[in-house]
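Engineer: Given the sequences, and given the hints that come with them, work out the whole structure.
One-letter residues, chain by chain:
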Amino acid sequence: MRAVDAIMESLKAEGVDVVFGIPGGANLPTYDALYDAGIRHVLCRHEQGAGHAAEGYAKATGKVGVALATSGPGATNLVTAIADAIMDSVPTVFLTGQVRTDLMGTDGFQEADITGMTLPIVKHSFQIQDPREIPQRIHEAFHIARTGRPGPVLVDIPQDLSRADIPYEPSDSVALPGYRPTTEGNVKQIRLAAKALANARRPVIYAGGGIVNANASEELVELCTSDRFPVTCTLMGLGAFPAPHEQWLGMLGMHGTRAANYAMDEADLICCIGARFDDRITGKLSEFAPRAKFIHIDIDPAEISKNVPAHIPIVGDAKAILPKLTREYRALEADSGRLDGWLERINGWKEKYPLGYEDSEDSEIKPQYMIQAIYEATGGDAIITSDVGQHQMWTAQWFHFNKPRKWINSGGLGTMGFGLPSALGAQVGKPDEPVICVAGDGSVQMCSQELATCVAENIPIKVFIMNNGYLGMVRQWQELFWDKRYSQVDMGTTPDWVKLAEAYGATGMRATKKEDLVGQMKEAIATPGPVVLDVHVTKEENCYPMIPAGQAARDMVG
Amino acid sequence: MGEPGTSEVLHLEDLEVTGGLHTGRRHILSIVVENKPGVLARIAGLFARRGFNIESLAVGTTDDPTISRVTLTVDGANHRIDQVTKQLHKLVNVIKIRDLEPEDAVARELALLKVSADESTRAQVLQVAEIFRASVVDVSKRSVTIEVTGPDDKVEALEKMLRPYGLIEMVRTGEIAVSRGRTAT
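First to last, the protein sequences are chains A and B. My numbering puts the first residue of the first sequence at 1, with every later residue one more than the last. My numbering puts the first residue of the second sequence at 559, with every later residue one more than the last.
Keep in mind that the hints are not guaranteed to be accurate.
[Stated by the list, open to error] Simulated crosslink set (DSBU-like; lysine-lysine; CA at most 30 angstroms straight-line):
#	chain 1	residue 1	chain 2	residue 2
1	B	Lys654	A	Lys188
2	A	Lys63	B	Lys648
3	A	Lys12	A	Lys188
4	A	Lys319	B	Lys644
5	A	Lys293	B	Lys644
6	B	Lys654	A	Lys12
7	B	Lys644	A	Lys324
8	A	Lys12	B	Lys648
9	B	Lys654	A	Lys306
10	B	Lys648	A	Lys306
Source of the hints: derived by calculation from the structure; they are not laboratory data. On a predicted model such as this, the values are computed, not experimentally measured, just so you know.
Structural biologist: Next comes the structure, spelled out in C-alpha cells:
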C-alpha cells in the first residue's frame with residue numbers, strides 16, 4: 001500500500017470524516033490518495049483559513065480538527081492557526097507536505113523547515129523519516145492532540161516518503177514513554193479543597209476553557225449548586241455555566257462585570273478550574289485578589305503556580321475531579337448561612353453595576369444593541385464565532401451563553417481573522433445548527449477569502465459584520481490612553497460588503513436602522529447559503545466596563 | 559510593564575530588573591530523553607525563551623541506546639527554574655528530569671588544553687599537569703596538549719595555572735553528573 005493510502009486509512013481509523021486544506025507540489029501524493037478515500041475535503045482559499053476552520057470544527061464538536069497544507073508557503077501559512085491552537089488548547093492535527101528527503105536542507109523549491117519554526121507553538125511534532133512509521137505516528141499525533149491538555153500536533157511528511165510502498169498495519173499502540181497526563185486528581189488534595197470551600201466565607205468559583213475542553217459543564221454546575229457558590233467564567237469558559245443562573249456573576253477580567261471582578265478582589269477563597277490566571281484576568285498581579293487563598297485545578301501541572309501561587313493544587317481532568325470534590329463537599333454539610341453576607345454584598349454589586357449602555361434616540365444601531373438583536377433573532381440558540389476586538393468583547397458581554405461549545409473565539413493569541421473560517425469549520429461539524437460569525441469590519445478582511453469556500457461547498461454561515469469603519473479596539477485605546485492621536489485606525493468605507501458578498505456568490509445585506517435589525521437578522525438566518533449582513537453601528541463607541549491594562553480590579557472604569 | 563495601555567516612556571533602568579540578573583544557585587539538570595531527532599532543539603528553545611543562559615551542555619546515550627541523557631548546567635537566573643522544568647516535562651520526548659543539588663552529585667568534565675611549551679618551559683608545564691593528575695596527549699616542538707578530568711573548578715584552576723605559559727586553546731566537554739548513593743539519578 002502507498003504510504004499516502006496508509007495515511008488515509010489511519011485518519012479513518014481515528015474517526016476523521018472531514019479535513020480542511022489546499023493541495024500543492026509536496027502533498028500531491030496525499031491529495032491523490034484523498035481523491036477516493038471517502039473523507040470529505042473542504043478546499044479552503046488560504047491555509048490560515050484551513051487551520052482556523054479545523055479549530056472551529058474542533059471547538060464545536062470536541063473532536064480533533066485536521067488541516068492539510070503543502071510545503072513551504074503552504075506550511076508557513078498554517079503557523080498563525082497552530083499558534084492559536086496552542087494558546088487556546090484546541091485539539092488539532094496539521095499534516096504538511098515536505099520536499100523530497102534529498103532536497104531537504106538545500107533550500108529546495110518551496111522548502112521551509114516547518115517543524116523547526118513551529119517548535120515553540122506545537123504540543124508535539126513529528127517529522128517522518130521512515131514511511132513505515134506513518135500509521136503509528138498519525139495515531140500518536142491524534143492521541144497527543146486529544147488527551148491531557150489538548151493542543152496542536154504537526155506531522156511533516158517528505159514527498160518521496162509519502163510515495164513509498166509500505167505494509168499497512170492499523171496501529172493502536174503509542175510509544176510515548178515521556179507522555180503520561182495525570183487525570184484523576186489527588187484524593188487528599190481534593191478533600192483539602194472541599195474543607196477549604198466549607199470554611200470559606202467569601203468564596204468564588206472561577207472557571208475557564210478547561211471545563212469546555214473536558215466536557216465538564218454539568219459537573220461544574222453540580223459543584224457550584226452544591227451550595228450557593230458564586231461563579232464567574234473567563235472569555236474561553238463562557239457557556240460552561242449557564243448565564244441566566246442566579247449564581248452567575250458574568251465574565252471576569254479586563255472587560256468583565258464589576259460584580260465578577262469585585263468578587264475576585266474581595267474573595268477569601270478562589271477555586272480556579274481549567275483557567276490560567278492570564279494577565280487579562282489578573283490585571284496588576286501584585287494587587288490581584290489580595291485576600292484570597294487559591295485552589296487551582298488544572299490538567300497541566302505547568303499552569304499551577306505559574307502566575308499566582310496555589311495553596312491547594314490539584315492536577316487532573318476536571319470531569320474526573322469535580323464529582324469527587326462535590327461529593328466531599330456535600331459530606332461536610334457546611335452551613336450555607338455563612339455565605340449570606342457575601343451573597344448580599346455580591347447581589348448589591350449586581351444591582352448597582354449591571355452591564356449597560358446609552359441607547360440611541362434615533363435609528364442608529366449601537367454595537368451592544370446589535371449583539372442583543374442577535375440573541376433575540378436566534379433565541380440565544382446558535383453557535384457564535386467572533387474575530388478579535390471590540391465586537392468580541394461586546395459579544396462576550398451581551399450574548400448570554402448558556403451552553404458550552406456555542407462560543408468560539410480566539411482568546412489567547414487574539415487572532416484577527418479567526419471568526420469567518422472558524423464559523424465555516426463549526427458549520428461543517430454542526431450542519432444542523434445555525435452558525436453566526438460576529439465579525440469586525442477590520443478583522444474579517446484578514447480571512448474574507450473563505451467566503452468563496454462557503455459558497456463553493458454550500459456552507460451556510462451567516463456573517464454579521466459590526467461595521468464602524470475603525471480598528472475599533474485600537475481606536476478606543478488611542479482615545480483613552482494615547483491622547484486621541486488616532487494613528488492608522490480609520491478603515492474607511494471599503495469594501496462594499498454587499499457587493500463583495502454577491503461577487504463571491506453569497507447573499508449580501510445591509511442594516512442601518514435599529515428598528516429593522518432583528519427582522520433583517522431573522523431574514524439572513526432564514527436565507528439558504530452563506531449570507532453577509534453589513535451592520536452599520538455607532539462609529540466611536542467604547543467597550544466598558546474596563547480594567548485599564550496593568551491596573552487592579554477595583555480600578556475599573558466606565 | 560510595557561503595556562500599551564500607558565503612554566508613559568519606560569526608563570531603561572526599569573528594564574534592567576528583568577534582564578540577565580543572575581541570582582540563586584547553579585543548577586545541574588539531568589534530563590533523560592528519547593533518542594530522537596530534534597529533542598535537543600526543543601529543550602534548548604525552552605531555556606532560550608525563559609531567558610536562561612545554558613552554561614554547559616553534554617549529550618550522550620545511556621545503557622539503553624534508545625534513551626539519551628542530557629546534562630546541562632545553568633546559572634540560577636532571575637526566573638524560577640521550576641517553570642522551566644515543568645515546561646520541560648511537557649515535552650513529549652522528555653522522560654525524566656532531575657535537578658541535582660551540587661553537594662548531592664558527582665560532576666565531572668573533560669578538557670583539552672593546548673599550551674605553548676618550548677625546551678625552556680616544557681618541564682614546568684608538565685609539572686603543573688602532574689600536580690593536577692592531567693595527562694599529556696600530544697606534544698610538538700613548541701606545544702603540549704594536556705587532558706584533564708574533574709569538576710569544573712578543577713579545570714578552571716588548571717587553566718589559570720597554564721595561562722601564563724601561553725594557552726593556545728582550550729576545549730571543554732561540559733559537565734556530566736550522577737547522584738551520590740545507590741539510587742539512580
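Engineer: Against this structure, judge whether each hint is valid.
Structural biologist: We went through each hint and held it up to the structure:
no., hint, result
1, B/Lys654 <-> A/Lys188, "holds, 25 angstroms"
2, A/Lys63 <-> B/Lys648, "holds, 22 angstroms"
3, A/Lys12 <-> A/Lys188, "violated, 41 angstroms"
4, A/Lys319 <-> B/Lys644, "holds, 23 angstroms"
5, A/Lys293 <-> B/Lys644, "holds, 22 angstroms"
6, B/Lys654 <-> A/Lys12, "violated, 34 angstroms"
7, B/Lys644 <-> A/Lys324, "holds, 26 angstroms"
8, A/Lys12 <-> B/Lys648, "holds, 28 angstroms"
9, B/Lys654 <-> A/Lys306, "holds, 21 angstroms"
10, B/Lys648 <-> A/Lys306, "holds, 14 angstroms"
Of the numbered hints given earlier, the model fails hints 3, 6; all others are met.
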